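Peer 1: What follows is the residue order along each chain.
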Amino acid sequence: MPNRLHLTDSDRASLSGVEGEGTRLAMSIVTRMAEVVEAPRLLHITAAHIDSSLYQGPATLEFAERLASGGARVRVPSTLNVSGVDPSGWREWAVPEDWAEPARRQMEAYEQMGCLPSWTCAPYQTEARPELGQQVAWGESSAIVFANSVLGARTERYPDLLDICCAVTGRAPAAGLHLEENRAGQILVDLSGIPEALGAEASFYPVLGHLVGRTVGDRIPVLDGLVAEPDEDDFKALGAAMASAGSVALFHWVGRTPEAADREAAFHGREPETKVRPTLAELRAARDDLGHGLVEADGLDLVVLGSPHFSLAEFATLATLVEGRRRHPSTRMLITTSRAVRQIAESAGHLSAVERFGAELTVDTCILTSPMLPEEIRRLMTNSAKYAYYTPGLLGRAIAFGSLTDCVESACAGRVLRDDGPWTS
Amino acid sequence: MDVIARGRPVVPGNASGELLYSEEPLSFWGGYDASTGEIIDRRHELSGRGAAGCVLAVPATRGSSTTTAVLLEAVRRDVAPAALLTRGEDRFLALAAIVAEEMYGRTLPVVALSPQGFEALRRHAAVRVSADGEISASDEA
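The listed protein sequences derive, respectively, from chains A and B. With my numbering, the residue at position 27 of the first sequence is 27, and numbering never jumps. With my numbering, the residue at position 73 of the second sequence is 73, and numbering never jumps.
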């Protein structure tokens with residue numbers, strides 16, 4: 001027999017409809033999901049990040065408007081993930097009017113529910129940085145893995161439509177990664193076979209994430225054995241790749257992430273279920289697998305950066321790389337970021353070199369969540385494993401993967417160039 | 001009709017149809033076209049197959065949080081699979097089916113199978129799913 005779900009008086013009040021139809025709908029979905037995962041009770045969350053903001057067609061708009069018009073309001077601080085449209089800049093791209101209008105209405109419905117208009121897949125770059133051990137309900141696969149792994153906050157892998165229900169009720173099923181005992185590492189990823197120099201190369205992290213994600217599926221990997229100092233952008237790229245090729249919601253990096261002071265802490269004193277030891281050859285194959293339908297020296301229509309959203313530090317690096325240079329006339333460069341990071345990057349003086357180079361910025365959304373690319377853009381290049389992973393299926397376009405430097409060099413040359421140097425032993 | 005597997009009816013319901021089976025997880029976002037029902041993950045072995053009205057068996061979803069939204073939209077447009085069979089519970093598919101019931105009054109059965117139960121599907125071309133979680137088939141492909 002499945003466990004019976006224990007509800008408090010307050011949970012039952014939400015479910016009864018006395019707090020309004022929106023709250024009833026949200027609580028009904030939360031409790032039915034608690035039964036699916038056989039949670040014995042619900043727990044309090046103190047913050048949320050809402051991925052349901054992505055417009056996916058009339059169904060997601062109807063869902064949002066049904067909650068909002070039913071009086072649903074969030075009970076905890078809730079940041080919003082990317083939307084389906086950049087409301088101030090969509091006309092400069094190929095977004096159809098009949099998409100922009102409902103996508104904008106969906107944005108309004110979430111703002112009406114009291115969510116913060118952060119409109120970013122990387123809320124941890126600015127306002128939303130939950131603390132070690134804090135119980136939160138986050139959506140957006142790349143943000144979930146960052147919150148759990150790098151910040152040590154506790155969230156399950158919340159799908160769209162459920163994150164907002166948790167925010168409206170302030171409750172989540174007491175299950176999965178909310179609970180200490182489910183956060184132990186399961187698979188040891190022994191990096192001792194990787195040349196140390198590669199650990200200093202930013203494009204190593206998305207490639208490693210692609211390989212590890214494919215290998216571990218939804219289990220918890222523990223990375224160890226490489227002398228390296230990955231920073232938050234490296235972890236952002238690593239986690240996003242693991243959460244695209246696999247379903248990783250938590251990883252530990254021994255000595256670098258907060259629940260992995262040493263190997264024993266990462267595995268909660270237990271033995272790994274499995275060990276894997278990636279080789280340089282496997283990494284090279286994973287790097288090639290990120291590309292699709294485009295090879296070296298092919299012409300290039302667009303370099304796209306910023307999935308997850310481009311950070312302040314990435315703008316600083318890019319500004320240095322493009323200083324005094326100009327992109328090839330037939331290759332555009334697009335950077336997707338948040339409103340907040342655009343503003344601080346501008347104040348820090350990083351945007352002028354980037355704009356002189358000929359790059360364009362889009363905020364609030366990205367190429368995967370807004371149909372913004374014109375038909376003539378067929379050949380893309382990126383340093384993001386997430387863009388590389390989803391572009392062939394979602395956009396039906398060819399894509400090449402390279403480092404940030406490769407992307408800049410290719411944008412100048414008008415064709416795909418990649419430096420294989422760091423990848424040869 | 002022979003019973004070939006019994007699972008946990010995560011979202012109970014009756015359905016039958018051609019079986020699309022893969023041992024590879026699938027993200028519906030970037031993997032399922034919500035306007036046609038085609039599987040569009042170009043790295044997936046079912047790429048190019050139409051899944052609308054079929055019983056789709058994949059071990060789990062992977063990747064994106066948006067799988068649920070894509071599946072809900074597919075239900076609204078009548079191009080969702082007839083039923084979903086997974087190896088163990090998949091919360092994302094369950095959620096989409098629960099919200100589809102709340103929003104549109106449509107039942108999309110989701111059954112969680114044991115590894116052996118899931119494996120038993122592979123030899124069959126069409127199956128029937130019943131509300132108690134029983135999977136039956138008359139063929140042997």
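Errors might be hidden in some of the hints.
[What the hints assert, rightly or not] Listed below are several chain B residues computed to face chain A (Cβ distance under 10 Å; list not exhaustive):
1) Leu-20
2) Trp-29
3) Asp-33
4) Ser-35
5) Arg-42
6) His-44
7) Gly-63
8) Ala-96
[Unchecked claim] Take a look, some chain A residues computed to stay more than 12 Å from chain B by CB distance:
9) Asp-11
10) Ala-13
11) Glu-131
12) Gln-134
13) Arg-356
14) Phe-357
None of these hints come from the bench; they were simulated from the model. For clarity, every value in this text was computed on a predicted model and none was experimentally measured. Positions of the beta carbon are idealized from the N, C-alpha and C atoms, including for glycine.
Peer 1: Against this structure, judge whether each hint is valid.
Peer 2: Results for each hint:
| no. | hint | verdict |
| --- | --- | --- |
| 1 | Leu-20 | 17 Å, violated |
| 2 | Trp-29 | 8 Å, holds |
| 3 | Asp-33 | 9 Å, holds |
| 4 | Ser-35 | 8 Å, holds |
| 5 | Arg-42 | 4 Å, holds |
| 6 | His-44 | 8 Å, holds |
| 7 | Gly-63 | 5 Å, holds |
| 8 | Ala-96 | 7 Å, holds |
| 9 | Asp-11 | 17 Å, holds |
| 10 | Ala-13 | 19 Å, holds |
| 11 | Glu-131 | 22 Å, holds |
| 12 | Gln-134 | 19 Å, holds |
| 13 | Arg-356 | 34 Å, holds |
| 14 | Phe-357 | 30 Å, holds |
The structure fails hint 1 only (numbered hints given earlier).
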